[in-house]
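Based on these hints, arrange chain B on the given structure of chain A.
Protein chains in written order, with my numbering: chain A, 1 to 217; chain B, 1 to 291.
Calculated directly from the structure, the hints in this document are not laboratory data. Incorrect hints may appear among the rest.
Said to hold, decoys possible - Listed below are the simulated SDA-like cross-link pairs for lysine to any residue, each with C-alpha atoms no more than 25 Å apart in a straight line:
(1) 217/B x 20/A
(2) 187/A x 141/A
(3) 220/B x 208/B
(4) 275/B x 252/B
(5) 183/B x 164/A
(6) 217/B x 41/A
(7) 226/B x 154/A
(8) 226/B x 187/A
(9) 275/B x 253/B
This structure is a prediction, so every number in the text was calculated from the model and none was measured.
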Amino acid sequence: MPSYSIVDTGNSRSFPVDHPFLAGAEDGGAVLVYLGIGAGDAWRADGSKTAILVELGTGCLGAVTGESRGEEGSNTLGFARFRVGDGAPSDLVELVRQPHSDAAAIAAATLMLEGAGLEVSLCTDAAGRILDRLLRPYFNEALAKLDEGLATADDMDLTLKLGLGYPEGPIELLERTGLHHHHDVTKALFETYGTRHYAPARRAVVAKQRAARGSGT
Amino acid sequence: MTEIRTVGVCGAGTMGAGIAIVAARAGYAVVLYDTNADSLERAATQTEGFFAKSVERGKMTEADRDAALAAYTRTTKLDDLAACDAVIEAVFENLEVKRGLLAALHKVCPEHTIFASNTSTLSITEIAGGCGREDRVVGMHFCLPAQLMKLVEMSSGLNTSEAVFAAAWAFCEALGQRPVKTKDAPGFILNYFLVPFNNDVIRLIEAGVAEPADIDKAIKVGMGYKMGPCELLDLVGLDTQVLLCEAFHGVTSDPRCAAPPLLKRMVAAGHLGRKSGRGFFTYDRNAMYGA
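For reference, chain A alone in the conformation it holds in the complex (with noise of 0.2 Å):
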């Protein structure tokens, strides 16, 4: 496993508490990581580096790194530990390459993550990239379908846990986690995409007028 560096621009999202993967970093290490909220800002291209990686919100690496004719691609890849609102991070690291990253920056990452306990997925520089790109119109959709009374609540959750072996329906999923996260994640979505599924579903919209006046979801 290559050996790493964290630089901590505080409030990661991936990792907001104590991890193996924090407690392996050493100085000086080949890949070095940039974590937290202000982890792009703080990036800097290093040709010296097995690899560099970012740690990304809702935005695209190429944000980061600029991006042009498809051509883009170098030793710098973004990250996101996958989680839903304030749920707890999963094990499940989205690994974000652009075209023409190097190989030997994404099997060196892989090594380090998986050397810490994670699970990588690789993926485009795609907003949302896998999961938030996947889930959030199902979210908004089961949002929308509780409003028209479809099912209650209740049987809308058994009936996908039942029916999908999901370990969680879509609402109490997204009122564990924070509705009005729901809301922020969607909504970046929604600007990329303009298509109606990311639109923020009407239940949603409610939670985050709610955050915003200081009286929860």
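For chain B alone, kept in the frame of chain A given last:
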């Protein structure tokens, strides 16, 4: 309301065969009907194999297996459903086919017989329309594989009587299943969410965002789902997904429900999923799932 003792199942495909197993396992006399004798033979073989595994795994006694198989008959004659108190249809997902079947069953079955449709996409009200007993038709959508999955989505048509729906609900529970109530709406709950979600997955693959294995891993690890969407599509069958898309898109006009071009190309290439040995992944066996 007449007690349900004998259950007819129309259609000996994967779903019909599974529903027949559920009914037989719950102690009902079962008559499995199909116009194709080969399908009936295959269903019988699968049923015997499934019950044999159930006994082997201690989920069923030998005596219960013998009783279930003794009360399990199969037929190519619709008239043989005349003694059924409930008939569950799981035939081809086509409105005219289902309407024709219910109208024919109405002439064969006693007045008290409840008709249930296992449709996953069609309207219960439309299926029941003109059958002669619209008040005794309910939606009972089992999940694949029916013999393993407990969930049944139940819905009333506009003309379904409350008493019949209540009786069908009790029957569903007596089958050992877990009913949930939903509206007579396209896809009910499960497929309403699943069909466009799976299409989004296919479009993600088509756009080169991620490989099927990476998407499945992301869903399983990130969300804790038991099965990835590509595995599930392969299990359901990519040709079935096309049919679902056609049914859904025709009713909803939702662009997410339209069959993605990659899906159509895979079906054209014979990459149908598990049933053909190749879909998003490759397979080397074709046994009944869960057997």
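Going down the list of hints, with the structure as the test:
1. 217/B x 20/A: holds, 21 Å
2. 187/A x 141/A: It holds: about 14 Å lies between the C-alpha atoms, which stays within 25 Å.
3. 220/B x 208/B: holds, 20 Å
4. 275/B x 252/B: Violated, because 29 Å separates the two Cα atoms, which is more than 25 Å.
5. 183/B x 164/A: Holds - the C-alpha atoms of residue 164/A and residue 183/B are around 19 Å apart, at most 25 Å.
6. 217/B x 41/A: violated, 30 Å
7. 226/B x 154/A: Within the cut-off at roughly 20 Å; holds.
8. 226/B x 187/A: violated, 29 Å
9. 275/B x 253/B: At roughly 29 Å apart (the allowed maximum being 25 Å), residue 253/B and residue 275/B break the hint.
Hints 4, 6, 8 and 9, counting from the list given before, are not met by this structure.
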